[in-house]
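From first to last, the protein sequence lines are chains B and V.
Going left to right, the first sequence walks through residues 1 to 377 as our numbering numbers them.
Going left to right, the second sequence walks through residues 1001 to 1340 as our numbering numbers them.
Where hints are given, some of them may not hold.
With the Cβ distance kept under 8 Å, some of the chain V side facing chain B (calculated, not the full set) [as the list claims (entries may be wrong)]: (1) G1265; (2) A1321; (3) S1325.
Restraint ranges, calculated between C-beta atoms of paired labels, are given here [unchecked claim]: (4) A313(B) x T1064(V): 34 to 42 Å; (5) D1059(V) x P278(B): 50 to 58 Å; (6) M1330(V) x E59(B): 48 to 56 Å; (7) M1330(V) x V257(B): 50 to 58 Å; (8) P1167(V) x R134(B): 22 to 30 Å.
Worth flagging that the hints you see were computed from the coordinates, not collected in a lab.
For glycine and all other residues, C-beta sits at the position ideal for the given N, C-alpha and C.
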Amino acid sequence: MKFASEFRDPKLAKALLAEIAKLADQIGASKEKPVHIMEICGGHTHSIFRYGLDKLIHEGVEFIHGPGCPVCVLPRARVDECIEIAQKEGVIFCTFGDAMRVPGSKLSLLQAKAEGADVRMVYSPLDALEIARRNPAREVVFFGLGFETTTPSTALAIQAAAREGLTNFSVFCNHITVPEPIKALLDDPHMCLDGFIGPGHVSMVIGIHPYDFIAQYYGKPIVVAGFEPTDLLQSVLMVLRQIAEGAARVENQYARVVPEHGNKVSIAAIEDVYEKRPSFEWRGLGEIDASGLRIRTSYRAFDAEEKFAIGYAGVRAVVEEAEGCACGAVMTGRMKPPACPQFGKGCTPEMPLGALMVSSEGACAAYWQYGGARAAE
Amino acid sequence: MALRDTRVTLAHGGGGKAMRDLIEEVFTAVFAPPGMEDQARLTAEALAEPGARLAFTTDSYVVTPVEFPGGDIGKIAVCGTVNDLAVGGAKPLWLSAAFIIEEGTEIALLHRIAATMAREAEAAGVRIVTGDTKVVGRGACDGVFVTTAGVGVIAAGREMAAGLVRPGDVAIVNGVLGDHGATILAARGDLALSSTIESDCAALGHLMADAMQAAPDMRAARDLTRGGLASALNEIAQAAGCGIVIDETALPLRAEVVGMCEILGLDPLYLANEGRVVTFVPEAQAEATLAAMRARPEGAGACIVGRAVAEHTGQVRMRTAFGGSRIVDMLVGEQLPRIC
């Protein structure tokens, strides 16, 4: 494929790996005392394993897998609320494919569908809107899920529904933002991160400046990165160079896609439709202030939480995570997936206990699928 | 023309004249079975040879949309069952065809499906000798479901099974992977993707016959339907008790298919094919097998993708273009597109 193959060039990758090794030695990074770099985005985690970068890179560079998979950070309580809506009489519940297998405390959406709920997999919120237009007698609910990458498209669907005066379309809003959980991680006294690889597709929308606080207040380098293997390697190199210089800056490795100030049209749509929630619950991280978005009062008619008096608009149930599930510790970088006592035993892709084993962007699924734990070499 | 309706009604499943008209005009007119008794009565000289064995298989076909670029459900129903026989080393001879038809289905569509089946059967050298139709109420099935069963003959001395694959054997596929899966994804129309890809759907009986002649010691073959190459190789590795290594740079993939998978977050190794096969042959017979396959249009893209090894028993690993190695696992459930 053009625009991808050149970023997968093995020769270029070898040269980058050699430069990384040289610089890592120079700053004294070793297997015993590695540099910890967190890739925030699940897409990056997936690429690292798919191309085996964790094995090819200098042993003094250790990747810590961040909380950037929107499916994985969704707590069980939220999945339960989804299923409660999906099982209501007359509801057509539309979702991205990823979320189908995530276990709630009793069921996943896939199981709820088998039990009779009308759950449909869509590729875009606009598909859900089209289903609403065609089924005026049914209530169509879209499962709005994701970081700043997917937030604008849900906003556009809500704006279109408002323009058309649709009364049978609403969004169960679980949109979340990247900067706040990063701040929460940096405030954790156990955290020992030396630098970050920033999610490129999020910055395509919000630009690179929302991360200024990471460099300015916490003194850590961050490089906004693309998703191809050489993108990732170049970004690691850029982080290491900053560390070698003793600098902390926000840099943009993914300039071919990411404008410094983001996408103005998308930002305007987000601001028109959503406002910050006081706080939002994250799996493994708990409630984080101002980390989630809700639909503004002016678009209240399209807010499924209000419509069904559920979730933050209703009485929230306290739902414990599955027993023995260490998703929280893995998500905060305190534990590697194979160290979880349930990994590959009580928790496999066929029978997942926690969300990290379900989504293809989850660190556990990536470890399992690409054999990080099973490969002998 | 006794059939005056343009769409199938429940009357066409009622057992009376309407049903007989449907069967005769749509199906037996083109399938021309050798008799109209309730069962086909068959003779084959090949069966009389000492040591020859019957191969018998059945498969049900459901696909949305029923017609797609490069084929329709009838083509898959004939080719799929022919291929199930061929990969076992059998010469395919006879098929049955049973149709479950949703009330309201256009009769013109049934004519097109039947015509495709008759044409594909003739090209594959098989006959459709018996069949059945049922009509069900609206919503009880999705358009048309087709079930075919197939009978073939395995010549004396031919023994092919996944368990016979040995370390050192070479894995060969007959062409680019994933075209059928990608075509169906695009044809469903809910992706707003347009593409020029066509289904690879093809009957492989003749191709397999030529390949087996070139490789007298062919160990095993699998058609790469649901679950794609990755799933077939995993089954073989587990049955044979050996490992399999494939080479990422050797995989035959079309740029459009790779691109579509990139957009949707899918892996082409798991995409379905309807005209692709992987065969394992001893290394000494690999070149002859490749030449025999490439001599036929459905094998023009034949190439070596990997080999069986003594290490990592039961596992399939891929050498990546980067020089790394990763496990290629069985597919869990269905491939689901990623959010972002």
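How the hints compare with the structure:
no. : hint                           : result
1   : G1265                          : holds (7 Å)
2   : A1321                          : holds (5 Å)
3   : S1325                          : holds (7 Å)
4   : A313(B) x T1064(V): 34 to 42 Å : holds (37 Å)
5   : D1059(V) x P278(B): 50 to 58 Å : holds (56 Å)
6   : M1330(V) x E59(B): 48 to 56 Å  : violated (31 Å)
7   : M1330(V) x V257(B): 50 to 58 Å : violated (34 Å)
8   : P1167(V) x R134(B): 22 to 30 Å : violated (56 Å)
Taken one by one, the earlier hints fail for this structure at numbers 6, 7 and 8, listed in ascending order.
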